[in-house]
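A.B. asks: For reference, the chains in residue letters:
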Amino acid sequence: MTLIETDGEDLLAAIRKLLVAKNLVTEAEIAERQQATDNASPGQGAKMVARAWTDPAYKALMLEDGTKAAEAMNIPMRGMPPLGVLENSDEVHNLIVCTLCSCYPRAVLGYPPFWYKSAAYRSRAVRDPRGLLGEFRTTLPDTVKIHVVDSTADYRWMVLPKRPAGTEGWSVEQLAAIVREGDMVGVTVPSV
Amino acid sequence: MTYAPGDPVVVKNDWPETRGPVHIRTPHYLRGHKGQILRYLGDHPNPEDLAFARPAAKHPLYHVTFPMNELWPEGRANDELVVELYEHWLERP
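Quick note, the sequences are listed as chains H and G, same order. Quick note on numbering: the first sequence equals residues 1 to 192 in this note's numbering. Quick note on numbering: the second sequence equals residues 1001 to 1093 in this note's numbering.
No lab work stands behind these hints: they were computed from the structure. For every residue, glycine included, the Cβ atom is placed at its ideal position computed from N, Cα and C. Keep in mind that a hint or two might mislead.
[Unchecked claim] What follows is a list of derived Cβ distance ranges for each label pair:
#1 H:Pro56 x G:Trp1015: 26 to 36 Å
#2 H:Ala13 x G:Asp1007: 27 to 37 Å
#3 H:Glu71 x G:Ala1053: 23 to 33 Å
#4 H:Cys101 x G:Arg1092: 21 to 31 Å
One chain only, chain G, in its complex shape (with noise of 0.2 Å):
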């Protein structure tokens, strides 16, 4: 577990499915925005692998919460995301 709550992090901006066949837990529309983590959820095996019944090595997974105001221009500040997403999807601002 690299990160602790309250850390910022970045949605990795990739896009996967554009190489090729895959399966992603990480929503489109989060990709390349800021968040902040919430808490630690324990580890799980990677779904991208389970998916296609390969060996699946456990990554941490994270509750990360995004102001909606990141996320859509007519988001409020206020109000926010809150998603499961694994460590390898996240990144130092």
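Same shape as in the complex, but just chain H (with noise of 0.2 Å):
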């Protein structure tokens, strides 16, 4: 039987035991990080961004330190890559991609949307991103500074969206509620 013909579970039950006989990981860290990896979603991410929104101190932090904002609304960031945060403003409108593979803040997003791995996406975010936001009915004025943010290196980034007109008095629930994937990659903006 070749490596390829071995069933899956059965060699992932082989890596964990000669992972843990090797004193590399413990099975407690694995269970931990499983545990991590499935709890990530969209959600930790609009969580997170609802806080900035009605939290000065916190906005302040996750601009600053965005590993530390993650962790401060206990997301394991533990063994991460350092997560970076871009407000988007009346003046500059960040769009996240990687061109070189697929980096994502997986760690507050999840799994990133089948679309941002498409080859379609990546060469055209950098080569014409208002054509590619117009694509998600994304339309921004001329006068808004568009940064397209390739990912190429250590870091995650994730985009800290406008606080739309109409929100005014919301709960941060409510607030979280209308944060989509999209308006933290920035393809997308929130809206009532």
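Hints in hand, dock the two standalone chains.
C.D. replies: Now the structure itself:
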């Protein structure tokens, strides 16, 4: 039997046993990471965004050190690449892409949406960002400067979108509910 | 750390992939282009060595901005690319 014919579950069990036997990781650490991966979803990033919209001190922390801001929301960041958060404003709109592969802030947003890894998204984001945003029904005024952030190295980047008008007085739970994963990649903007 | 925010830089017009197996984190579309340092992002082990399990020295990493019209004929001057680049890929213009 070749490696390719081996049952995937058996192979995984064998690798886990080897990792533990060689003292590279403990069973508890594997379980912890598995739990963190299962829990990671855009809902976690949305909670961070909603808090940043209502808590200026938290927003300052988030823009200064995304990893610490995630940890402050009990999102496990141990062993994860550093997280950077970029703020959208009336002047600047950030759009995240990884042209080299598919770097994505998985710790706070979970698995990337299918289009994020596509060659079409990766090439058009850097060459024709306004045309690409149009495909997502996102139109920005000409006066807004687009920053296309090509995530090439050690950081993972997430967008802090602008809080939409019409949400005055909303609770953080209500606010978190309107933040979608695309808003935190920069292909869409939250609306009510 | 050699560069400060605002410093003009040029991405080395180097193509190591033509000389043998490599792992590089500098996109091809930026090589030879002029940009500007936006911010310093700390020192990080060189991924070009990490990928081959070689001892990896730490290099300063920067966010570098490029006006879109510097990169593409139809690019808008007001829009920008923001990319993480290691210091050993940057030169003074």
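A.B. asks: Determine for every hint whether it applies to the structure shown.
C.D. replies: Going down the list of hints, with the structure as the test:
| no. | hint | result |
| --- | --- | --- |
| 1 | H:Pro56 x G:Trp1015: 26 to 36 Å | violated, 47 Å |
| 2 | H:Ala13 x G:Asp1007: 27 to 37 Å | violated, 52 Å |
| 3 | H:Glu71 x G:Ala1053: 23 to 33 Å | holds, 30 Å |
| 4 | H:Cys101 x G:Arg1092: 21 to 31 Å | holds, 30 Å |
Checked against the numbered hints given earlier, this structure breaks hints 1, 2; the rest are met.
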